[in-house]
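Protein chains in written order, with this note's numbering: chain L, 1 to 289; chain S, 1 to 177; chain F, 1 to 87; chain A, 1 to 768.
These are calculated hints, taken from the structure and not from any lab test. Given the structure is predicted, the values throughout are model-derived calculations rather than measurements. Hints may contain errors.
[Unchecked claim] List of simulated lysine to aspartate or glutamate pairs, EDC-like, C-alpha gap at most 16 Å:
hint: 1; chain 1: A; residue 1: K432; chain 2: F; residue 2: E61
hint: 2; chain 1: L; residue 1: K267; chain 2: A; residue 2: E762
hint: 3; chain 1: L; residue 1: K226; chain 2: L; residue 2: D148
hint: 4; chain 1: F; residue 1: K17; chain 2: A; residue 2: D132
hint: 5; chain 1: L; residue 1: K267; chain 2: A; residue 2: E636
hint: 6; chain 1: F; residue 1: K52; chain 2: A; residue 2: D174
hint: 7; chain 1: F; residue 1: K12; chain 2: A; residue 2: E192
hint: 8; chain 1: A; residue 1: K46; chain 2: S; residue 2: E71
hint: 9; chain 1: L; residue 1: K209; chain 2: L; residue 2: E236
hint: 10; chain 1: L; residue 1: K10; chain 2: S; residue 2: E71
hint: 11; chain 1: A; residue 1: K178; chain 2: F; residue 2: E61
hint: 12; chain 1: L; residue 1: K21; chain 2: L; residue 2: D47
hint: 13; chain 1: A; residue 1: K90; chain 2: A; residue 2: D116
hint: 14; chain 1: A; residue 1: K461; chain 2: A; residue 2: E192
hint: 15; chain 1: S; residue 1: K4; chain 2: A; residue 2: D132
hint: 16; chain 1: S; residue 1: K151; chain 2: S; residue 2: E71
[Said to hold, decoys possible] Heads up, incomplete: computed chain L residues facing chain A, CB under 8 Å, no partners named:
hint: 17; residue: M1
hint: 18; residue: A85
hint: 19; residue: F183
hint: 20; residue: R186
hint: 21; residue: N187
hint: 22; residue: E188
hint: 23; residue: M189
hint: 24; residue: A204
hint: 25; residue: R260
hint: 26; residue: T262
hint: 27; residue: V263
hint: 28; residue: H268
hint: 29; residue: V272
[Unchecked claim] Just so you have them, the derived chain L footprint on chain S, three or more residues with Cβ under 8 Å:
hint: 30; segment: 66-76
hint: 31; segment: 118-127
C-beta: ideal position from N, C-alpha, C; glycine also.
Spelled out from the first residue to the last, the chains are:
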Amino acid sequence: MHPFNYVAAKSVDEVTKVLAKHGDRARCLAGGTDLLVQLRAGVYELDAVVDIKTLPAANVLTLNGSLRMGSAVPCHRIYEDKAIAKAFPGIVDGASIVGGIQIQSRAGMGGNLCNSSPSADTVPGLIVHNAECVIAGPKGKRSVAAADFVTGVRRNVLKNGEFLLEVKLPKPDKGFGAAYERFTPRNEMDIAIAGVASSITLGANGKVKDAKIALAAVAPTPVQAKKAEEFLIGKEPTAANIAKASELAREAAKPISDMRGTVEQRKHLVGVLTRRTLTKALERAKEAK
Amino acid sequence: MVEKVHVRTTLNGEPTEFLVYPYQSLLETLREVIGLTGTKEGCNDGNCGACTVQVDDRIVDSCLVLGVEVEGKKVTTVEGLATPAGLHPLQQAFLEEASLQCGICTPGFLVASKALLDREPKADEHRIRHWLAGNLCRCTGYDKIIRAVQKVGATSKPARATAAQATAKRRPAGARK
Amino acid sequence: MARVFVPYNMRKLAGGKTEVNVPGKTLRELIENLEARFPGMKELIVEDDRLKPGLAAIVGEQPTRQGLMTKLEPETEVHFLPAISGG
Amino acid sequence: MVATRKPATGRPVNGKHNYKVIGTRPIRHDGLDKVTGRAIYGADIKLPGLAHGAVLRSPHAHAIIKKVDTSRAEKLAGVYAVITGADMPKADNREVDLGEGAANLKWASNNVMADDKVNYRGQPVAAVAAVDQNTALQALGLIKVDYEVLPAVRDVREAMAKGAPVILSGLVGDDLGKKVKNTNMARHFRHEFGNLDEGFKKSKLVVEHEYELATVHQGYIEPHNATAQWTADNRVTVWTSTQGAFAARRQIAGILRLDDSRVKVIPLEIGGGFGGKIPVYGEPVAAVLSRKCARPVKLLMDRKAVFESTGPTPGGTVKVKIGVDAKGKMLAADADIRFESGGYPGSPVGAGAMCVFAAYNIPNTRIDGYDIVTNKPKSAAYRAPGSTHVAFATEGVVDEIAEKLGMDKIDFRMMNSAKEGTRRADGPIFPKIGHEECLAAAKNSPHWKSKLVKNGPNGKKRGRGIASGYWFNIGLKSVVTISVNTDGTAALVEGSTDIGGSRASIAMQAAEVLGIPAEDVRPVVVDTESIGYTDVTGGSRTCYATGYAAYNAAQSVVSILKERAAKLWDIKSNDVDFKDGVFFNKSDAELKLTFKQLAKKLDETGGPVSATGSVDLSAAGGGYGIHIADVEVDPETGKTDVLRYTAIQDVGRAIHPSYVEGQIQGGAVQGIGWALNEEYFMDQQGRMSNSSFLDYRMPTTLDLPMIETIVLEVPNPIHPFGVRGVGETPIAPPVATIANALYDAVGVRFRQAPMKPGRVMEALAGKK
């Protein structure tokens with residue numbers, strides 16, 4: 001591994017200064033469960049690593065209707081918080097299956113987003129919750145929708161000197177429900193062959209006011225099944241409509257065949273997982289009315 | 001040029017300081033710098049749990065933690081489970097239940113199981129399997145490991161002070177969630 | 001007399017026979033008699049006065065550990081098989 | 001000492017026995033160090049002046065090495081030595097008996113360090129020794145190798161296809177005795193008995209299918225390690241985790257062109273092997289590096305290298321055809337077994353041929369075995385190597401025949417079962433074996449008699465499968481020395497490295513003879529200069545053969561102690577009797593001494609008492625296993641979960657029941673992983689894509705139920721306590737068991753392993 005220096009950041013400016021100085025030869029360290037693996041495999045080299053676990057602003061976790069999660073907050077703090085688990089079950093679905101307990105002690109949503117892997121387990125959930133990513137940089141803060149954050153395999157909107165500070169989820173409307181499910185050959189310690197997050201907002205008339213469907217591991221980035229979403233809006237959330245939406249979601253998937261799965265397998269799984277997560281999201285939406 | 005960093009931490013209840021390069025993992029620090037070889041390397045990329053240690057109150061893969069990150073923290077390794085008073089009940093149970101064959105994964109399983117029973121003494125078989133899924137074993141098929149953890153959980157009195165606590169200076173109650 | 005089972009790749013040399021009765025108090029003697037009767041056989045079984053590496057002789061029901069010195073009881077069966085290892 | 005001794009006391013009684021120590025569950029002597037982290041494994045060794053090594057491995061699966069430029073690496077600060085194939089002693093091109101089967105030394109040398117050609121991706125091409133691990137790894141980056149890349153031959157079909165690239169130009173193939181050149185087929189052998197065509201003509205039902213298995217790895221959690229020091233007196237000392245210090249010594253000495261005695265191997269604790277740590281990998285390389293920099297050198301292998309460059313069990317194809325008469329009696333059976341040997345010849349196809357029909361009594365049989373070179377790491381043993389592959393095929397065909405005849409699956413197997421006197425399909429007659437007993441035990445097991453609800457929740461389908469597996473278990477050489485302490489305990493010195501608790505099971509066998517508690521026998525595993533030649537811990541032989549040597553040593557100790565008692569009572573030694581740890585004066589019952597009491601008097605009756613037992617055994621008794629599995633399949637995703645698993649096995653005599661159960665549970669779970677998800681996923685260029693524990697999916701705690709075991713004791717007549725080999729048989733049945741259970745669940749016969757979700761889903765989609 002190429003030798004690098006370590007900085008335990010105490011302030012946002014300290015982080016942006018180090019990142020700006022080294023450009024793409026410096027990165028933030030939160031859980032490190034992707035960063036250290038990639039460094040060791042020589043995917044890239046760094047001269048400096050900035051630890052943001054020591055930066056208070058990146059470790060906030062507050063729920064007051066809306067949810068603010070610092071980018072260094074590890075998964076276990078999210079799913080072990082009873083209130084958050086009750087308010088945002090769709091987020092907990094993803095947070096509780098990243099790797100095993102050891103990984104969940106360190107890995108967090110922030111790292112999952114910045115690693116920008118197509119099969120990231122927590123990003124689809126953020127998308128269907130209409131999450132906002134707060135980015136801090138040398139010229140101050142800016143906000144980007146989670147849906148737009150990842151731009152390619154291991155690529156995202158972060159520019160030189162910028163880092164992800166926190167993620168904000170708006171207060172869910174009444175009648176909002178969300179769920180995430182992935183398929184893996186093993187029950188734990190695995191990586192998604194396909195993953196789907198769905199959210200449904202029921203209107204007063206019981207019809208679908210809004211629907212979001214985000215797919216993982218079936219395109220270079222997490223991708224939304226727009227046609228399937230549009231189809232559902234305004235309709236009764238019947239099993240038949242959900243099945244039709246699942247079919248449309250399959251068409252949004254552009255998977256490849258690799259060691260983890262084939263194109264046909266992934267497309268088929270997107271159909272199955274969309275139906276299951278829409279059904280679960282609907283259940284949670286009804287409870288939230 | 002990258003210099004070694006001076007790190008102060010608490011290791012198995014004792015203040016410990018060392019010099020380490022920032023890029024050296026906690027696993028490499030424990031084994032090569034401090035010389036405690038009880039924590040084992042199985043894959044060095046967070047997929048097998050053989051290097052599991054406890055940092056503060058969470059179990060982590062020490063291969064995916066930097067040595068410099070434990071500044072000011074409390075690190076517990078397999079060498080810290082037994083105390084002058086004797087083996088930790090899990091260590092005794094692993095021996096009685098033949099829960100190890102080659103033993104390379106045993107340190108990781110012991111640290112992980114202790115962390116579980118410290119927070120959920122009455123964990124059932126599914127919960128134990130879920131908690132230990134990050135620790136791979138290739139010899140035992142897991143059966144006798146799960147039974148040993150169940151046995152200690154069943155016999156542990158709920159508010160029992162674990163052996164490790166008995167020796168650590170009296171920590172403020174509730175210091176651990 | 002021992003009942004020698006001829007391995008498949010040596011059956012041509014033995015005129016297609018699968019079994020041959022051959023005299024011999026020890027395995028060495030038996031192989032000498034085999035060679036006398038079917039020239040060319042010995043070279044496939046023995047190498048510098050030992051069983052070829054990778055070849056095992058089964059005497060009765062068990063692979064022999066005494067090599068060519070193995071004593072043969074009357075009517076015992078002798079097989080030549082690939083030496084096999086475990087995992 | 002005499003090589004083998006007929007057992008004098010303690011004749012094994014079927015099942016019930018009157019042993020004091022055997023059958024109990026003492027805590028293993030090395031347990032305390034292993035649960036406290038004090039045990040020293042290969043990677044834990046520390047030495048003054050120790051240098052850290054790293055190996056540069058070929059990125060290509062098949063290439064000629066044109067040039068290796070190490071100049072820049074040698075100049076890097078902190079680098080002590082750099083070596084390539086040119087630095088390796090020229091090992092001669094001859095076969096040598098490694099006790100574990102023969103091996104060609106030139107190829108063994110090339111396998112640990114290529115000279116002019118690489119035959120698999122990951123093969124070592126250069127190595128560095130430096131001040132620390134990171135410097136060594138950085139130095140690797142400065143070594144420039146130019147290759148002439150050749151097309152990769154990825155499996156048995158590609159290797160045997162017309163015009164396939166020839167991997168080993170020097171290879172002379174043996175095709176049924178005929179020499180063949182320019183081939184990838186290293187060997188084709190055949191076993192044939194009775195009249196096959198006759199048998200099939202008379203058969204009322206004939207079923208034939210071809211089965212295919214992917215390459216699979218042993219998956220031990222401890223990566224390979226090797227530390228070596230080549231000293232000025234031209235001697236090499238090696239510290240390593242190995243399954244056999246003496247087998248390692250022979251390979252290292254052969255590769256380094258030294259006499260065996262110039263190499264001393266010190267075995268440290270070993271973190272799993274299952275056959276994969278019988279071959280040597282880093283030891284000769286560390287030694288040559290050490291000679292060049294005059295320092296001890298430690299070489300640790302990373303997980304990627306363990307997958308890509310150490311012996312997996314071969315992928316391959318197994319075709320089986322069985323004919324039965326109207327009543328279901330097997331009349332004829334034909335098998336065609338083709339295994340990848342990897343980059344150099346030597347796959348376990350011979351063992352596969354021995355096991356393929358071992359469970360059955362079939363008059364007319366033919367078995368063809370092919371050992372085929374491919375551009376993959378050289379295959380090594382993996383627990384009953386070859387037996388799992390052939391059981392997948394045979395037990396699939398047997399299951400199908402039973403169904404077509406409308407016969408009960410156990411009755412059909414019982415009717416055709418091999419037993420004592422059955423002629424094996426490779427020729428010899430079976431001694432006493434326990435296949436029928438296992439089938440009977442399976443039939444009235446709680447699992448087989450339990451009801452299985454066929455429909456699970458959310459449309460999941462359930463099924464139950466059964467299959468049989470066999471392994472012949474080897475004997476070979478072991479030496480044990482026992483010395484009596486005056487405090488009434490005994491020291492036991494042995495050469496078998498302890499992977500599964502064998503220190504305890506060997507000490508227990510000595511304790512049984514000496515009539516003292518197991519805890520009072522202190523076993524220690526020593527290096528190659530401290531005990532007589534002892535073969536590998538493998539082939540399920542350790543408890544059997546080293547236990548037998550311990551039995552012999554203990555008997556000798558008892559004889560010497562009888563003479564001491566005789567001296568004390570002034571009588572002749574054969575007037576002294578010994579039972580349950582007490583010496584008696586035959587003619588005066590009042591005169592008796594316990595082992596402890598007599599031990600106190602050693603100094604006045606002739607001094608220290610010590611004896612060595614040595615054995616060279618033909619074979620441990622063959623072991624059969626019958627496994628039953630209940631599975632649940634999610635038709636929507638193709639995922640299979642194991643609901644219940646029972647393994648029934650005849651072990652002859654269970655010395656330490658906990659570790660016997662542990663071997664059966666561990667083997668079963670390795671088999672389940674092999675059946676469901678484990679495989680080498682190779683890309684077009686013959687490179688393994690999934691060389692990590694993330695994508696090489698071994699079962700976790702959450703993928704398995706408890707593994708129930710039913711241990712039968714059909715005593716093996718050729719061991720003093722009736723021990724058979726135990727460790728390997730349990731990996732043979734699972735792949736077939738899971739396949740048969742999947743058929744019962746979803747009505748599809750799976751003939752490709754692993755039966756991973758994608759494959760199950762495709763089969764179900766095809767079936768609709």
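- prompt: Which of the listed hints are broken here?
  reply: Result: hints 4, 8, 11, 14, 16, 18, 24, 27 and 31 break, sorted rising.
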